[in-house]
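Undergrad: The primary structure of each chain is shown beneath.
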Amino acid sequence: MLELKDIVYQVEENNAAKSIIDHLDLTIGDGKFIVITGPNGGGKSTLAKTIMGINHITSGQILFDGEDITEKNITERAKMGISFAFQQPVHFKGIKVIDLLRLATGNKTLSVAKACEYLSKVGLCAKDYINREVNSSLSGGELKRIEIATVLARGTKFSIFDEPEAGIDIWSFQSLIQVFENIRETINGTVLIISHQERILNIADEIVVIENGKVKEHGPKGEILPTLLGTAAAVNAACSKLIK
Amino acid sequence: MLDKIQMQLLSEVADLHGVPEGAYNIRANGEKAARNTTANIDIITKEDKSGIDIKIKPGTKNESVHIPVVLSKSGIKETVYNDFYIGDDCDVIIVAGCGIDNCGTQDSQHDGVHRFFVGKNSKIKYVEKHYGGGDGTGKRILNPVTEVYQEENSYVEMEMVQIKGVDSTVRTTKAELAAGATMIVRERLMTHGEQSATSVYEVQLNGEGSSTDVISRSVAKDNSEQIFEAAIIGNTKCSGHAECDAIIMDNAHVVAVPKLDAKNVDAALIHEAAIGKIAGDQLIKLMSLGLTEAEAEEQIIGGFLR
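Chains as they are written, first to last, in the working numbering: chain P, 1097 to 1340; chain E, 8 to 313.
Hints were generated in silico from the structure; no laboratory data involved.
Incorrect hints may have been included.
Simulated crosslink set (BS3-like; lysine-lysine; CA at most 25 Å straight-line) [to be verified]:
id, chain 1, residue 1, chain 2, residue 2
1, E, Lys284, P, Lys1192
2, P, Lys1204, P, Lys1128
3, P, Lys1192, E, Lys171
4, P, Lys1189, E, Lys136
5, P, Lys1101, P, Lys1145
6, P, Lys1145, E, Lys284
7, E, Lys171, E, Lys11
8, P, Lys1189, E, Lys171
9, E, Lys284, P, Lys1189
10, E, Lys132, P, Lys1189
11, P, Lys1168, P, Lys1128
12, P, Lys1192, E, Lys228
13, E, Lys127, E, Lys244
14, E, Lys11, P, Lys1189
Using the sequences provided together with the hints, build the complete structure.
TA: This is the structure we're talking about:
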């Protein structure tokens, strides 16, 4: 279980402290499939990074399985079982896809066959990629899949995916979404996805809406999704009136 | 023949764990330690100065020449002249390299002057590795000079590697290319401590359709200093590309000096240089896979210099 207690994350802007996360409380139960959504700039990615330890919170407390991890660094949290798929995958000169998967699994001798399984799960034809360097010679969609594969390969009890749909084309997204629809078979732990996509919201157990650095709503998909779609429908209706 | 330290140096610079196949000349502490010639590859000791002539018959294919040098005595200083005469239509691999193990207080220095005369349509892969070991205060100094003269449609690929232990290097490489000739240089360099390394490349593209690609990847740690100078001179219709990509760490100093000199309207020359520290997001990504910061750094550098 992950518990975020009274989390504040501030940055300095024009010599004044600005709260990106503003006294946020959130509890995420084990084995849940959670989707965090909300308007851009609301603090979603920042929140995900505070869970991984990439952002250091200004105040508050983070508990993971009852243990206080507030002061733990990225490596320690990773070893405790938290994984993070970046919104913008990192490029590496000279590091190959197989190397990254070996680092992810912590198995230096991970076989090519096993590594290929992870790539197949994210819809990549494994043989074509295993010896490619993780650099800009790969397309945005390919890098994104490899990024997701590194998290699947870790198979930790808490996996975070920061906007898996960002930066990839609609055709790649159609097949990528199946990865998440099937994720229950791949990952046994808790899955936390930041997303705006209705198809991803639709497979959630719970939806959390973050706005202005706070939890605006949190509940079962059945309760939250209709209100969100309602909002979108309302916006569309308003827009269509304007166009007329 | 060779002692344990010399064998270890040999494995570092030439990936040799015993006597190589094919032609070879092993030089240890300033003297010839072993030599083998083949029907197509002859090795002859120079009479006027220290060094050897390597003569490769036209049409020689899929053969290799190893000419490693090891110094395990402190205080040796030598300059060696090796000339390679490669006939037309060859396809050979040449592995040079120098390993110095200095446990003493005096400086050990090896200056190798290599000249390559590459015949028409020949393809050469040249690998040169440098390695320094030993815990003495005497310096390990290597100053290689390489001159390459390429005839029509020849192809030369050079791999220059210096990863560890050499205190001071000035590497000078000059090449002249005839029509249709191609030269690819890949340099991998890591300096640490108080080391300094200078690499100077000058490629003259003289023949129509000649091309070159000079790529350097380096890591400078501690208080070390690196200077990379690459000059590509386009005298005709040709294409040239030089790239210097360096990771700077600690208190190191890295200088990249590009020089493109086009003397023909159809000379297409490009230079790219980038110097920077290890990207923070690379460290974060690997740490999020469970590596410590130091382990992440090691992986990033290892990949970069691969």
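Undergrad: Next step is simple, just say for each hint if it's right about the structure.
TA: Here is what the structure says about each hint:
With a C-alpha separation of about 21 Å, the suggested pairing of Lys284 (chain E) with Lys1192 (chain P) holds against the 25 Å cut-off. For the suggested pair Lys1204 (chain P) and Lys1128 (chain P), the alpha carbons sit about 31 Å apart, so the restraint of at most 25 Å is broken. Only pairs whose Cα atoms come within 25 Å are accepted, and Lys1192 (chain P) paired with Lys171 (chain E) is accepted, the gap being roughly 24 Å. A C-alpha spacing of about 21 Å is found between Lys1189 (chain P) and Lys136 (chain E), which places the hinted pair at or below 25 Å, so the restraint holds.
A threshold of 25 Å between alpha carbons decides the hint, and for Lys1101 (chain P) with Lys1145 (chain P) the separation of about 15 Å falls inside it, so the pair holds. Restraint check for Lys1145 (chain P) and Lys284 (chain E): satisfied, since their Cα atoms lie roughly 23 Å apart, inside the 25 Å limit. This hinted pair checks out: Lys171 (chain E) and Lys11 (chain E) have alpha carbons roughly 19 Å apart, not beyond 25 Å. A distance of roughly 20 Å separates the Cα atoms of Lys1189 (chain P) and Lys171 (chain E); the hinted pair therefore holds under the 25 Å criterion.
For the hint pairing Lys284 (chain E) with Lys1189 (chain P), the CA-to-CA distance comes to about 13 Å; that is within 25 Å, so the pair holds. For a cut-off of 25 Å, the pair hint linking Lys132 (chain E) to Lys1189 (chain P) stands: about 23 Å separates their Cα positions. Among the hinted pairs, Lys1168 (chain P) with Lys1128 (chain P) is consistent with the structure: their alpha-carbon atoms are about 24 Å apart, no more than 25 Å. Proximity of Lys1192 (chain P) to Lys228 (chain E) is assessed by CA-CA distance (about 24 Å); at most 25 Å being required, the pair is judged to hold.
With a C-alpha separation of about 19 Å, the suggested pair Lys127 (chain E) and Lys244 (chain E) falls inside the 25 Å cut-off, and the hint holds. For the suggested pair Lys11 (chain E) and Lys1189 (chain P), the alpha carbons sit about 36 Å apart, so the restraint of at most 25 Å is broken.
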